[in-house]
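Asker: Residue numbers (the working numbering), protein chains in the order written: chain A, 1 to 389; chain B, 1001 to 1376; chain C, 2001 to 2301.
Hint data in this document are derived by calculation from the structure and do not stem from the laboratory.
Don't be surprised by glycine CBs; every beta carbon is placed ideally from N, CA and C.
Mixed in with the good hints there might be a few duds.
Unchecked claim - Each computed DSS-like pair below joins lysine-lysine, with the alpha-carbon atoms no more than 27 Å apart: (1) K311/A / K2158/C; (2) K361/A / K1302/B; (3) K360/A / K1302/B; (4) K1198/B / K2082/C; (5) K360/A / K1249/B; (6) K1302/B / K1249/B; (7) K2258/C / K262/A; (8) K361/A / K1238/B; (9) K1206/B / K2220/C; (10) K1249/B / K361/A; (11) K2238/C / K1198/B; (12) K1084/B / K361/A; (13) K219/A / K311/A; (14) K2194/C / K1198/B; (15) K311/A / K2220/C; (16) K1246/B / K360/A; (17) K262/A / K2082/C; (18) K1084/B / K1246/B; (19) K1238/B / K360/A; (20) K1206/B / K2258/C.
Unchecked claim - Rough simulated footprint, nothing fancy, chain B against chain A, three-plus residues with beta-carbon under 8 Å: (21) 192–206; (22) 337–347.
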Amino acid sequence: MISMGGNSNSGHLQYGISRRTFLKFCTAMAGALALPKSAQSTIAKALAAGPRTPVIWLEMQDCAGCSESFLRASSPSTAEVVLDVLSVDYHETIMAAAGFQAEEAKEKTIHAGGYLLVVEGAIPLAEDGIYCCIGGRSAVDLLQEAAANALAVVAVGSCAAFGGLPKAAPNPTGAVGVSEIVKDKPVLNLPGCPVNVVNLTASIVHFLTFGELPAADSKGRPLFAYGHLIHDNCERRGHFDAGEFVREWGDDGHRQGWCLYKMGCRGPVTYHNCPSVRWNQGTSWPVASGHGCIGCAEPDFWDASLYTPVKIQAVTPPSLYPSIEVPEQPVSLGSAAVVGGTLGVIAGVAGSAAYRQLSKKGAAEGEITEEEESPAAPVEPASSEEKKE
Amino acid sequence: MTALVETLKLRQYPIGIGRLIVWFFAAAGVAAMIARWAWGLGITTNMVDDRGWGIWISFDILTGIAISAGAFTLAAVVYIFNLKQFYPLVRPTILTGFIGYLLAASTLLVDLGFPYRIWHLILYWNVHSPLFEVGWCVMIYLSVLALEFSPALFERLGWKVPLRITRAITIPLVIFGIVLSTMHQSSLGTLMTIFPDKIHPLWYSKFNPIFFYVSAIGAGIAMIVMETHFSAQAFRYKFEGPILAKLVKAIPWVLGLYLVGKLADLVFSGKVQYVFAGGWPTVLYLIEILVGVVAPIYLFSKASVRRNRYKMFWSATLVVFGLLLNRFNVSLIFLDGAPYLPAWTEILVTFGLISIGIIIYDLAFRTLPVLQHAHE
Amino acid sequence: MTIDRRSFLKLAGAGLGGFAVTDLPKPSQPSLGPTDGMALLYDTTICVGCKACQVACKQVNGLPPETDEQGIYEMPNHLTGKTWTVIKLYQPEGDEPWSFCKIQCMHCQDPACVSVCPVGALVKESNGAVTYDTKKCFGCRYCMAACPFDIPKYEWEKNLPLIQKCNFCAARQAEGLNPACYDACPTGALTYGKRSEVIAIAEARIRDNPGRYVPHVYGKDEAGGTSMLYLSHVPFEKLGFPTLSDQPLPAVTWIYMKAVPPLIGVVGTLVTATYWFTHRKKGPESGLETGPKEESHDSAG
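The following block holds chain A by itself, in its conformation from the complex (with noise of 0.2 Å):
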């Protein structure tokens, strides 16, 4: 299985692994790598070449998760192949060794230089680096250190990529991702927490064969692995379209696995190939299982409120038509009750004045006499306030 040092020429055969398994591994990687069919030649060759990278793996303020999912990957094992062909020198979780030991071979690897550096685990910066500190020496110290002489880094998960869960608000610890420490060459990101195994895989299977860490985006993420949003490759995509949203957890649009954009889902924000390769060998994927994507590939998906629906940047065409008449905008009740009201307001003071007005007694009030033909001097209002001048 996990083996130290060797060379990988007759490794697949020596492990059991049939050479049909061992191309359609290839073929599988080529898939994932988003590259033509006939790339599996080219890959297959480069994997039974030469002597095995060394691998240096060092885990900062993590959780082990990366590690983990990379573990899960086991039929027949694209970790077992890979690590025929990787020498995996240094991995705390996993190597045998421990202690000075350890210590030595990590030491040895970086003197000979031209290993590949993998870093899982954000790295703290508060207070000189204090706050993950490894046989004496800080996080930074070490991936300073392990970073220099290496021939590509890759920041395996979202605290490695982007900082992670240790960055979630407040971020006591000052941790950052390792692009914020590593400035002097290109870090590969493929966060996901945990990142998926097929992609880190596909990463270094693509360096391997070609020589350089594959296409990346503004946020060095492989562009094969997130270059699309999950919004768009996401099977229940038809019932988004379709207006057909879960509202509330066990309703029957759950039941039916309707679209769970209205629950939260981050999917149209987040760049990530879940819906294609899922986890666990394609077992299934978050929303798969009826929970939203919480967007884990994208930067400070921790500090993003979980459901409350996101805002949709591009626009797509709907799945219905709308009718030729013109909609209905119905006039509302209280509208109607207010100008009732009002109306019936005014007639009655109308109506009662008028009455009273135009009553017998009223009209003989009204009467215009005969005396006042001539214009006149107004009526002196209430003489009172005449002689208050």
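Add chains B and C to chain A, keeping to what the hints say.
Answerer: Same frame as chain A, but now just chains B and C:
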């Protein structure tokens, strides 16, 4: 101030129920206007995409400007036709007219999408637009009315030179005012001619400009009756009954001309069948014509009505009601569009502006020499 | 000259009747439309309802998405303050044929909206587009009332709302590009070109495909002609198009607006003459221009 002209002292502002109600509505109206400015028309009105014009247009602007036509009508009667016996009515009517136009313009401050761009009418011209014409005429006419009323202010302030100047230009102002009013009262009708396919045939006519003009004159005179009655009641002075009795003799002629015109238009455009086609158009048309035009023609031609203050007042109410119904029918009820009833905030703004108008009128009456008498 | 009441009434009636019968003079100004601007033809028999045009319009113009009352995302069910064009579906009961219909501003040759805007915020450009100047508009909404097709929509939810309507991609046309909807259409349901040519294409289609279309190009003459033309296999009124005469609407108001300057002169003269006539027997101080005689003021003449 001479013995002939009385003013009521401002410090004796009587706070009664009536004034409390008016002040309440004025304040509520201002609050509603602030709400519109803060939150937009969508929340504070029931206007929607296929109903872009609501009661602020139909009532505040169309009806409000029409019933303020008494100002130019009376100015014509007194100054142009030289019928001096109506002189005592002039100042209150000019004041009412001025306030009426002021309120119509103030409504624009809430109704316009960009109230602070109201001055764009001065900068950007489109002479094809009836609304351009209305806007300019109203702007200028508001100044004319202010100048026509200014002698009352200058008398109170004792400013002799401005007083002499404004008095000297009275006749040119009156002539200008009549021209302007003729223009914009009819242009309000022209506003409605651009949608032949959207207004019910009973209310759409190529001659709407003429109908609007004539009906405005009739309603203007009716408004003079109503306003004289209310003032006499509120300020407790003599109701100018005999003068009004003579003035309202014109109403049957004006409304008669209007009626003949409308009927001729119906007959010669082949629209008579719509009158009896049933449904709301028939009901509202008959109410508008019978209650608002025919009844007042009959009533005002009777000497017994003209001899009685209350009978005159209520007959005048019918005329104003008929005009209001006509403007609503043309611009709202029978203009195709989304169903609409005003929101309470729209009603509040309308009542609020009317209340502010009443407050201004009240204060003006109390502080300025508005009441006057015929020249000996 | 004496005239008895009966004859007077007869005369008055005849006069008014005569006035009512004669039609108002025909408009003397020609259509405001450019002689041959651009036009867009929409053919209902080719449209498949993919809504690429609707989406392209939103993307190119940066318009926000909108949700209908059921919560369906980006489902405008009519033109609104956020949607300039929409594909609608006419689906009758029974065996009658159904049809899609794309609606947007018709870009009339002699637009009512252009003529009624008091500040001239709406303009008919030489390329046929009716464009809207957001800086001039003060929000009177006369254009909304005047449009015979009920096109201009309003941003009611804003406290400084703008009119929203298709602008025929005037900016793109100025750069030599095509309207976004035309570029997006995958089936060729939209045809874009000079108006005369597009009309010719439309009429040729009717001629060459008897029975396929309602034999009329909607927009060729309606309201004086529009730049958005329609060919349909179902009657146009079923698609929501109003039946309009050929008369451009601005012609109706122009008769009155043109009369304003002469009317000012006529009324002014008449009124002044009346004043002179009624004051001619008495001296200058007989007029009321001085107000009541006040002891404390000079009675100015």
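Asker: All hints are to be evaluated individually against the structure, with a verdict given for each.
Answerer: So, going through the hints one by one against the coordinates:
no., hint, result
1, K311/A / K2158/C, "19 Å, holds"
2, K361/A / K1302/B, "20 Å, holds"
3, K360/A / K1302/B, "17 Å, holds"
4, K1198/B / K2082/C, "25 Å, holds"
5, K360/A / K1249/B, "24 Å, holds"
6, K1302/B / K1249/B, "9 Å, holds"
7, K2258/C / K262/A, "58 Å, violated"
8, K361/A / K1238/B, "20 Å, holds"
9, K1206/B / K2220/C, "25 Å, holds"
10, K1249/B / K361/A, "25 Å, holds"
11, K2238/C / K1198/B, "18 Å, holds"
12, K1084/B / K361/A, "34 Å, violated"
13, K219/A / K311/A, "20 Å, holds"
14, K2194/C / K1198/B, "31 Å, violated"
15, K311/A / K2220/C, "43 Å, violated"
16, K1246/B / K360/A, "24 Å, holds"
17, K262/A / K2082/C, "22 Å, holds"
18, K1084/B / K1246/B, "12 Å, holds"
19, K1238/B / K360/A, "22 Å, holds"
20, K1206/B / K2258/C, "15 Å, holds"
21, 192–206, "violated (count 0)"
22, 337–347, "holds (count 3)"
When the structure is compared with the earlier hints, violations turn up for hints 7, 12, 14, 15, 21 and for no others.
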